[in-house]
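**Q** The primary structure of each chain is shown beneath.
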Amino acid sequence: MRRSVKLTIGLLALALGWPVGAGADRNADRGAEIFSARDRLDEGFGDQRVSMQMTLRSANGRTAERRTRMQLLEGPPGQGDKTLVVFDAPPDIAGTALLTHEALGVADDSQWLYLPAYKRVKRIAARDRSGSFAGTEFSYEDLAGDKFEDFTYRFVGEANLRGRQVYRVDRMPIDPNSEYSRQETWVDPDTRQILQAYLYDKKGRHLKTLETGDWVRYHGKYWRPRTLAMTHVPSGRATLLKTSEYEFGVGLKEKDFSPDALSGLGR
Amino acid sequence: MRCPGLGAERAGGGTPLAAAMNQARLDTRYARALRLALLAGLAVTQAAFADWGGWIVLEGRWFPDKPLYPPQSAGDASIALRPEYRTQAGDLSFALVPFLRVDSEDRERTHADLREANVRFDAWGLSWLVGVGQESWGVAESYHPVDIVNQTDFVEDIATDEKLGQPMIQAKRLTDWGTVQLLVLPGFRERTFPSEHGRLYLPIDFEHPIYQSPQNERHVDLALRWAKTFGTWDLGLSYFWGTRRDPRLEPDPAKGLASVYYDLIHQVGLDLQGAVGNWTFKLEYTYRDTPVQRYSAAVGGAEYTLYGVADTAADLSLYAEYTYDGTDNTLATLYQNDVFVGARFAFNDLQSTEVQLGVLSDLEQDSLLWRLDGSRRLGENWKLRLTLQGFPRTAPGEPAYYWRTDGYARLELLRYF
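Read top to bottom, the protein sequences are chains B and V. Last residue of the first sequence? That's 288 in my numbering, and every number before it is there in order. Last residue of the second sequence? That's 425 in my numbering, and every number before it is there in order.
Extracted from the complex, chain B is given alone in its bound form (with noise of 0.2 Å):
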């Protein structure tokens, strides 16, 4: 869909006689580069599950632990993926389930929560999406994904990250009203995956920092992060996110990632 936008917008500036692909959008160009060629390696898994664990801490050093099941349905070419993620601890909040149907670009994504103590399946507001998913440092934005047609792309340079030398991307979502208005990115030039990113908010604030690690390669091509770190950059407070081993072609079907199956997702 964002495919058909931009190459509109290309044709026009074509017709217009704008330099498309001349000088400045050359960092444009390769910075879109490494991350299509992200979306292109990680093609073709069709289904993923994995288990997490959460530590959450407050800014004075306080901790708390999420136990939540992760799956996922990989949409057809040109598609947004399906996302599940469900709450097995602290009981009293198991059962919480979050689920994303992503839509690529700027048109807004479907998100509904479903709340035990509620009983309802609830559509998440869809534009501003950056609040707080039970009480962890990832918005529901966070986790409704990032493929590569939700941003544009810079190419900044090279840069050396924890003894490697790896490059540096500046990504801009394409949807106006994410919650971030830009994210430097720090990507590994093998798995082109993002090993670190700051996010920035609308008013240009550092925000988030996100760090991951332990990446494992599954299948022999899809890499996937064994641990994942949200810090909020103002207060301090960070989420802690460690993964299982990932299992795909697990048969999960479309029914799995219907609002209607939200309830009795509980332990």
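Derived from the structure by calculation, the hints contain no laboratory data. Remember, predicted model here, so these are calculated numbers, not experimental data. Some clues are possibly wrong.
Derived contacts from chain V toward chain B, CB cut-off under 7 Å, selection only [said to hold, decoys possible]:
no., residue
1, Lys74
2, Ser144
3, Thr187
4, Gly285
5, Asn286
6, Tyr303
7, Ala321
8, Ser325
9, Ser360
Each residue gets a CB set at the ideal place from its N, CA and C atoms; glycine is no exception.
Add chain V to chain B, keeping to what the hints say.
**A** Frame of chain B, contents of chain V only:
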């Protein structure tokens, strides 16, 4: 009026637990359903996933105003237990969720129920649920006219969110043109009501319900629902034919109590929710064809959430809804022509602290009720919940009129497993 002397009878009637067992309305059909479900459970003991869970709660309620009825007390204490067993192997899953409450004052509030005892499996291209289940319909905050599958466990809370288990055979199919769901509901569950010894009492003769169906509570009800998502909108259409869940309450001067009628009705329902910008919109509409009246009941409104209030992690959700219930039977509804406004403040802290306030105000009569809920997790497995409910203004003829001195504070301490 029923005799206040009943309290003495209860006092001599053995332990509260024995009373609970007597009150437990696990009739033979229930026992059979339970046995079937247990057998199915045994069949999947080699399960890929099995888990015990649930909770136990200690609850105290305090009613500061003098009661309207002499047998009532200024407070009560109760304990409730809801264990939960779920197991799954492939497409086959099994759930068992019994419930028991023992109350210090009200023998009707002391009750047991099977919230769930069911098997789910896939067969013939359909997803099945057989046994006792819970099925919630509806999208609004204040009122759920479309929600008709499960009976309300009214002694638990007048907020009608707690439901009794409903015996059912459910078949569901996901197609390109939406999700279709058919429910066959054998066995009607009576709504639970507090006795005269309990607060939030209604002067109705719930012990002698009058059924329209000659099969009484054995009438087999049917329900059908179709649901589909259109972009950021979810639409559901439903139909129900069977014994109404919310009884008609007709005053009977001879008895001094209102009679409780469970009519056979047809209900068509529509539910719609959608996300537009920062708003979500909700609508529930029903049309009911009952033997005494044809009428509509509906609720519609919007929700707006402010994220990261004052640069903290907290969220504030604001609600406004209009509720309408066209029934002539005013004793049976709180939602005739009312406006509901509410706010929910989620701190998004480690302990998931939340505060919620709701106000329901009648546009015709001078009637207003409000409720404040707060909850906070203690450590990993405990939770403290506080509810304040007030009936500052009530009008004769509506149910809240009988609760005008029943404003209360409720404190609950829950332990989860």
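**Q** Going by Cβ atoms only, is Asn286 of chain V closer than 7 Å to chain B?
**A** Result: holds, 5 Å to nearest chain B Cβ.
**Q** Ala321 of chain V was flagged as interface toward chain B. Is the shortest Cβ-Cβ separation under 7 Å?
**A** Holds, because the Cβ-Cβ distance from Ala321 of chain V to chain B comes to roughly 5 Å (cut-off 7 Å).
**Q** So, Ser325 of chain V near chain B? Judge it on the closest CB pair being under 7 Å.
**A** violated (10 Å)
**Q** Can Ser360 of chain V be said to touch chain B, with a Cβ gap under 7 Å?
**A** holds (6 Å)
**Q** Should the interface hint for Thr187 of chain V be scored as holding, given a Cβ-Cβ cut-off of 7 Å against chain B?
**A** It holds, given that the least Cβ distance between Thr187 of chain V and chain B is near 5 Å, below 7 Å.
**Q** For the hint on Gly285 of chain V, just tell me whether its beta-carbon gets within less than 7 Å of chain B.
**A** holds (5 Å)
**Q** Regarding the hint that Ser144 of chain V lies at the interface with chain B, is the smallest CB-CB distance below 7 Å?
**A** holds (4 Å)
**Q** Close enough to count: is the Cβ of Tyr303 of chain V nearer than 7 Å to one in chain B?
**A** For Tyr303 of chain V, the interface hint is violated, since the closest Cβ of chain B sits about 25 Å away, which is over 7 Å.
**Q** Going by Cβ atoms only, is Lys74 of chain V closer than 7 Å to chain B?
**A** Cβ of Lys74 of chain V sits 33 Å from chain B, so the hint is violated.
Against the hints set out earlier in the document, violations occur for numbers 1, 6 and 8.
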